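A.B. asks: Read off the chains here:
Number of protein chains: 2
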Amino acid sequence: MAFSERVDRLKSSLIREILAAAQRPEVMSFAGGLPAEPMLPEVSWERMPASIGQYGMSEGEPALREAIAEQARALGVPCAASQVLVLSGSQQALDLVSKLYIDKGTEVLLEAPTYLAALQSFQLFGADCLTVPLQADGIDLQVLRARLQRHKPAFAYLIPTFQNPSGMRYSAAKREAVAALLDEFGVTLLEDEPYRDLVFDEVEARPVVSHLRKSSWIYMGTLSKTLLPGLRVGYLIATPDLFPHLLRLKQAADLHTNRIGQWQALQWLGSEHYRQHLQALRLFYRERRDAMQLALEEHFGDIAQWHLPQGGLFFWLALKQPVDTRVLLQAALARNVAFMPGEAFFVEPERNPGYLRLNFSHVAPERMGEGLRRLAEVVRAEQKVWRESAGELSVQGA
Amino acid sequence: MAFSERVDRLKSSLIREILAAAQRPEVMSFAGGLPAEPMLPEVSWERMPASIGQYGMSEGEPALREAIAEQARALGVPCAASQVLVLSGSQQALDLVSKLYIDKGTEVLLEAPTYLAALQSFQLFGADCLTVPLQADGIDLQVLRARLQRHKPAFAYLIPTFQNPSGMRYSAAKREAVAALLDEFGVTLLEDEPYRDLVFDEVEARPVVSHLRKSSWIYMGTLSKTLLPGLRVGYLIATPDLFPHLLRLKQAADLHTNRIGQWQALQWLGSEHYRQHLQALRLFYRERRDAMQLALEEHFGDIAQWHLPQGGLFFWLALKQPVDTRVLLQAALARNVAFMPGEAFFVEPERNPGYLRLNFSHVAPERMGEGLRRLAEVVRAEQKVWRESAGELSVQGA
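In order, the protein sequences belong to chains P and D. One point on numbering: in full-length UniProt numbering, the residue at position 93 of the first sequence is 93, and numbering is uninterrupted. One point on numbering: in full-length UniProt numbering, the residue at position 78 of the second sequence is 78, and numbering is uninterrupted.
Note that these hints are calculated values from the structure, not bench results. Being a predicted model, the structure only gives us computed values, none of them experimental. Among the hints, a few may not be true.
Same chains, same label: a pair holds when it works inside one copy or across any pair of copies.
Said to hold, decoys possible - Cut-off 30 angstroms, straight-line C-alpha distance, at most; resulting in silico cross-link-like pairs (DSS-like, lysine-lysine):
1) LYS214 with LYS152
2) LYS104 with LYS152
3) LYS152 with LYS384
4) LYS104 with LYS384
5) LYS214 with LYS11
6) LYS11 with LYS104
7) LYS11 with LYS152
8) LYS214 with LYS174
Produce the complete structure using the sequences and hints provided.
C.D. replies: Given below as structure tokens:
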């Protein structure tokens, strides 16, 4: 069977397999980034015009593009509706940007850890992934400068607000500094912000693209985390030099985004009832985050470290005694608990053991304690095995 | 600006530009493949469960996959629901198949002429396109055999039922013969059937994939031509050796197809009201086809030849005195008439002048005559210019 070279780089998707396992109703899943079912808003389709059933424009619905541009301008992003491309979920931006930039061996720059599906898309197209580690207030600036001095990546892919998987938020100072560095080295920025609206404490955090003065940029957003993921409506906003290429790639990929989802999105974006819904969502998720923080302190306090996330959907745990967390998965699923092994979020999984990504939005608070108790037991058991085999090894080595 | 090599192959989309021009309400558009507005069915969203708003499976909704498989089995395609992948429009299959097979220089085999967007997708990924001409009853078997003797294309892309743009339908004998040839040479078949259900005279026309005994295959279908294109719901059915790869590529592209459109599609597929709707659609489009046939005889009878299409949405005109029909576009649009120049459907446009694709579903019958009268005038004027300059050339050459 003669497939393309790229198919050899098509990894089995850990996410898909875990999510499939997590669909059994008895499983407590900390794995995905699924919105909580009770917070899916009630939507009405009554006033949708019949003409929405017809083919539409590849750019997206004009009124929705205007509403998205207005929301972005309110965040400080200078843009017009003509720069907005409505997508079949913001995931699609990763596919389009990969097509726009990546040949085999093209260098791209990523945070470590980074969003697993982005990594998969860039690697599928053959990218060489340069990485820069994250600190508590954002990307490591010294390493970033060093990378840019030696390399000329096609773009930098950053998730500055409630980063996935780490939950970190770049400080205002770091946002400015990153933009200045990208301008200095003439590197295009791909900024991904799916979680911006899921914020528990408001602080100044303008998008990094709003600080750029020279570099081209693409800003990605979605309605999947705040409205309904099943609509599959996301978007990108791009500088005018990039937009026409992205539009043609969008058209080649799937002609245009489904118009019923776009119509529904437009009923919410910028409205008073959307503001109220976001407010309720934040309160609800903050409570779940707090419940998980308590349960984590009880069950993981002695074996892991973490930051309290100020937004987004995830805790990012660093085990004090690292083990390969992919090994834990089977034992956890056997106990009806799902989570996301941290290794999957790194370009070099083997070198980054001992992290777990835990979603706090999906499992009901009254089941969280039990789920985390089981997961901690699985971790402790594996650490014991690991210590014992390490002990044997050092005995053998002695 | 360092883009990927593939972007140099990203052609400006003629379709997109013509469709944009055709959106002006005063334009009579014979260009697109848009369903007639009056035949967009009324749909109800009342009983859609709220849970449809959540993330879904990359494969598609299980009940919809089963309904699609059942419909395909009724056509003679041996398949299970597990082989069905629901797509964001069947256009997406072209993107996924390109990713699965095409590196720079990979040979693929196409009909000449063929669907413009398929050609664009394959060329974007760097394919070398081999072509085989069409005859009145389907692809030229002798040329097909000759091509397969000398080449080993990654797949053959065929549209055997109401081919786009030519409107041809492969005879039953040719379907079997093509399948036998592909089996003999071990070539994978990508069979695209968007227009199968828009049939005006039923004859035996089983999908070519149903005749294959050895070769792998992918069968593409859509609900865009018979239900609502704005839903963006299409599908592919693939042999089990190909399905897992296509599924992963689908997940990497956009996670999953929008679930609201999938839910709506499921309300129709296989139902009695869908059968009635299809019946009404066929009657309606047959009337429009007949109206266009009359108008064509009046205005194009002396300057073009064509077959009466037995299904689909298009007439394919061959000018008796060929001119580059792309040149006609501006003059036609200036007179508020849009059409699709035939050159765009060929791998070698310069070598195939003098064809026009005319859609008969969109323009109301009472305006068709006027639209075609204007278009014929534009053609005659260009032919006159062409004759005169040819005359000058032969004078100069003499």
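A.B. asks: For LYS104 vs LYS152, is the C-alpha pair at or below 30 angstroms within one copy, between two copies, both, or neither?
C.D. replies: both (15 angstroms within a copy, 24 angstroms between copies)
A.B. asks: Evaluate LYS214 and LYS11 at a C-alpha cut-off of 30 angstroms and name the case that applies: within, between, both or neither.
C.D. replies: Cα proximity of LYS214 and LYS11: across copies only (28 angstroms, versus 36 angstroms in one copy).
A.B. asks: Within a copy, between copies, both or neither: where do LYS11 and LYS152 come within 30 angstroms Cα-Cα?
C.D. replies: This pair counts as both: shortest intra-copy Cα distance 26 angstroms, inter-copy 27 angstroms.
A.B. asks: Is it within a copy, between copies, both, or neither that the alpha carbon of LYS214 lies no farther than 30 angstroms from that of LYS152?
C.D. replies: within (16 angstroms within a copy, 48 angstroms between copies)
A.B. asks: At most 30 angstroms between alpha carbons: which applies to LYS214 and LYS174, within, between, both or neither?
C.D. replies: This pair counts as within: shortest intra-copy Cα distance 18 angstroms, inter-copy 59 angstroms.
A.B. asks: Could you figure out if LYS11 and LYS104 sit no more than 30 angstroms apart (CA to CA) within one copy, between two copies, both or neither?
C.D. replies: Cα proximity of LYS11 and LYS104: in one copy and across copies (16 angstroms, 21 angstroms).
A.B. asks: Up to 30 angstroms between alpha-carbons, please classify LYS104 paired with LYS384: within, between, both or neither.
C.D. replies: neither (42 angstroms within a copy, 51 angstroms between copies)
A.B. asks: How would you classify LYS152 and LYS384 at a CA-CA limit of 30 angstroms: within, between, both, or neither?
C.D. replies: neither (45 angstroms within a copy, 56 angstroms between copies)
Of the numbered hints given earlier, the model fails hints 3, 4; all others are met.
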